[in-house]
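Trainee: Listed below, chain by chain, are the residues.
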Amino acid sequence: MRSAVALFGALLGVLFGALLGAVVPALVALPAAAAESDTVTWSVRPGDENGEDGRAWVEWAGDPGRSRTEHMVVTNHGDDAVTFRLSSADGYFTDTGRFTMLASDQESVAAGTWIDLPESVTVPAGAAEVVPFTVSVPDDAEPGDHPAGVAASVHSTGTGEVAVESRVGFRVMTRVLGALAPSAGLTASASYTGAVNPFEAGEVEVGYELENTGNTRLSAWPEVSVSGPFGLGERTARGAKILEIGPGETRSGTVRFANAWPLGAYDVGVVARPLPVSDELAFGPVEPASARTTALALPWSQLLVLTLAALLATWSVWRRRRERRRTAELVARVRQEALAEAAAVRHHHS
Amino acid sequence: MNEKSLMLRGCAVVFGATLLASAGSAAMADDEHGTQSVGVDVEIEPRTVPGVLAMTVESSSTTLAEGESTDLERVFRGTLPKVTVTDTRAAEDIPDGAFWYVMGTASDFHDEHGGNAIGASHLGWSPQLVAGEGEGEPFVEVGGDVAPSRPGLADQELLYLAESADANAAGGTFSAVANLELAVPADVAAGSYSSTITLSLFE
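Chains as they are written, first to last, in this note's numbering: chain A, 1 to 350; chain B, 1 to 203.
Hint data in this document are derived by calculation from the structure and do not stem from the laboratory.
Each hint should be verified, as a subset may be incorrect.
[As the list claims (entries may be wrong)] Covered by chain A, per the in silico footprint, the following chain B stretches (three or more residues, Cβ under 8 Å):
| hint | region |
| --- | --- |
| 1 | 8 to 19 |
| 2 | 55 to 62 |
| 3 | 110 to 122 |
[To be verified] Listing some non-contacts, in silico: residues in chain B with all C-beta distances to chain A over 10 Å:
| hint | residue |
| --- | --- |
| 4 | VAL38 |
| 5 | VAL42 |
| 6 | GLY67 |
| 7 | THR70 |
| 8 | VAL75 |
| 9 | ASP145 |
| 10 | SER149 |
Just so we're clear, the structure is a prediction, and the values are computed from it rather than from any experiment.
Using N, Cα and C, we set each Cβ at its ideal position, and we do this for glycine too.
This is chain A alone, in the form it adopts within the complex (with noise of 0.2 Å):
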């Protein structure tokens, strides 16, 4: 019977699929193209002098007060010559791990004013340039890693109100030698939902935030536990995966343990140990972070039931008391009726 009722589900289910994935397609509808305008294709990969060479960012070390030239090759693949304008700015990541650099109309403060660059370059059609750049770490700066980026832009022409700078560009990555002090913290809050139905289990709900307190880039992944009262229904689950996050940066998740049974309160537990982004960038083990939080989880919707049954039962069992005590007075008010009605025969016989 169970297995019939799931297959006419799934039946039902996959119908509604290929339904959806038929119409679906077709309701995207895609913008009018824009009349035939000029495009400009271009590509920016770090270098030496003779051109690309394999790199896909620029990563060193150095110390306070050295400086070191790196080269930036600007490809145009279109078919006229366009005139790039260079700018390097500070980078940083974002919530999604993904590496930019400020706007243009954003100032820079930190390792985007190490970079020097000159302002344009003009690239003729199908050929390349190669810009030579200079980063200089400053005698004060802090040991530890320093995102920057390079990136060679166009702006978009005419009067529309929104103007398009598009600039394709790479990261530029110092990591400043001295006392390199990984170390991250985390904070951690939980919550319990439980189901209405009483034969269905909830679900635990962990939000935590991790934060990189040290001078240089870390990767984590982060660990989360729950176990109920004396260990009961423990779990372990892993957050998603931070790749990279730079310092002073914070990162948030969250991870949800479904099929939980609300045993009346959860011990929440979660830890991360900050790991280096890469082999050549690495450090020793560091102490990991860990917080620890608690989610209430009591049985609401199984009190209720079951409070509504002792309930049902009590009133069953008062009106079954009821009941046979009435049958009782009424059996004995009978027996004496019968019993006064022979007497009063009897006293009209004799």
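Since the structure of chain A is already known, use the hints to place chain B on it.
Mentor: What follows is chain B alone, placed relative to chain A:
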């Protein structure tokens, strides 16, 4: 007396039926998972010319036209010019752990003459892949829709390569467009506002 007995029995029946239904629905809620596998064959010719990772943009700016404004809110819509990323590199030319992405950030809207400004968080977008240029490919994705309210269009993904080792082996041309939406309160000062969206391709 009869009514009371009926009520008790009725309550007990309802209670029992509800319990039964709950137990039944919990038991039937087992998920049925299925997997499908699709065989894919591809013939990759050896490369003679080193591949590139390049971005193509159209050189024009875009205009926002007023849409269905209400008494409380004025809505303007436009389209971001098409952005195309071409990746023709061989898998071995791509450094380990490298994958490209295009991010977008909007600046505040400034009115040159009036000196007023509209915050960048009032601008939102909804990116889409372009048919034939990445749509339907599993390893290239567009960012999610951004609503024209806080935090708005700040460091949001437009188009990116899903992070997997197989993804890097697939080169190609991928394009995205995005519908722009600007929503401002109805009492905003009139004027000619302009803003700049910065699109960045990094790896």
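Trainee: Now look at each hint and say whether the structure bears it out.
Mentor: Hint check:
1. Three residues within the 8 Å Cβ limit are the bar, and the region 8 to 19 of chain B against chain A gives 5, so the coverage statement holds.
2. Counting residues of the region 55 to 62 of chain B whose beta-carbon sits less than 8 Å from any beta-carbon of chain A gives 8, enough to reach three: the coverage restraint holds.
3. With 0 residues carrying a beta carbon less than 8 Å from a beta carbon of chain A, the region 110 to 122 of chain B misses the three-residue requirement, and the given coverage is violated.
4. Look at B/VAL38: its CB is around 14 Å from the nearest CB on chain A, clear of 10 Å, so calling it non-interface holds up.
5. Every CB of chain A lies more than 10 Å from the CB of B/VAL42, the least distance being 23 Å, so the non-interface label holds.
6. At the 10 Å boundary, the C-beta of B/GLY67 stays outside the reach of chain A, the nearest C-beta of that chain being 14 Å off.
7. Separation of B/THR70 from chain A is adequate, the least Cβ-Cβ distance of about 21 Å exceeding the 10 Å criterion.
8. Remark: the non-interface label on B/VAL75 is consistent with the geometry, its nearest Cβ contact in chain A lying 14 Å away (cut-off 10 Å).
9. The non-interface label for B/ASP145 is consistent with chain A: the shortest C-beta to C-beta separation is roughly 13 Å, beyond 10 Å.
10. Listed as a non-interface residue, B/SER149 keeps its Cβ farther than 10 Å from every Cβ of chain A; the least gap is roughly 17 Å.
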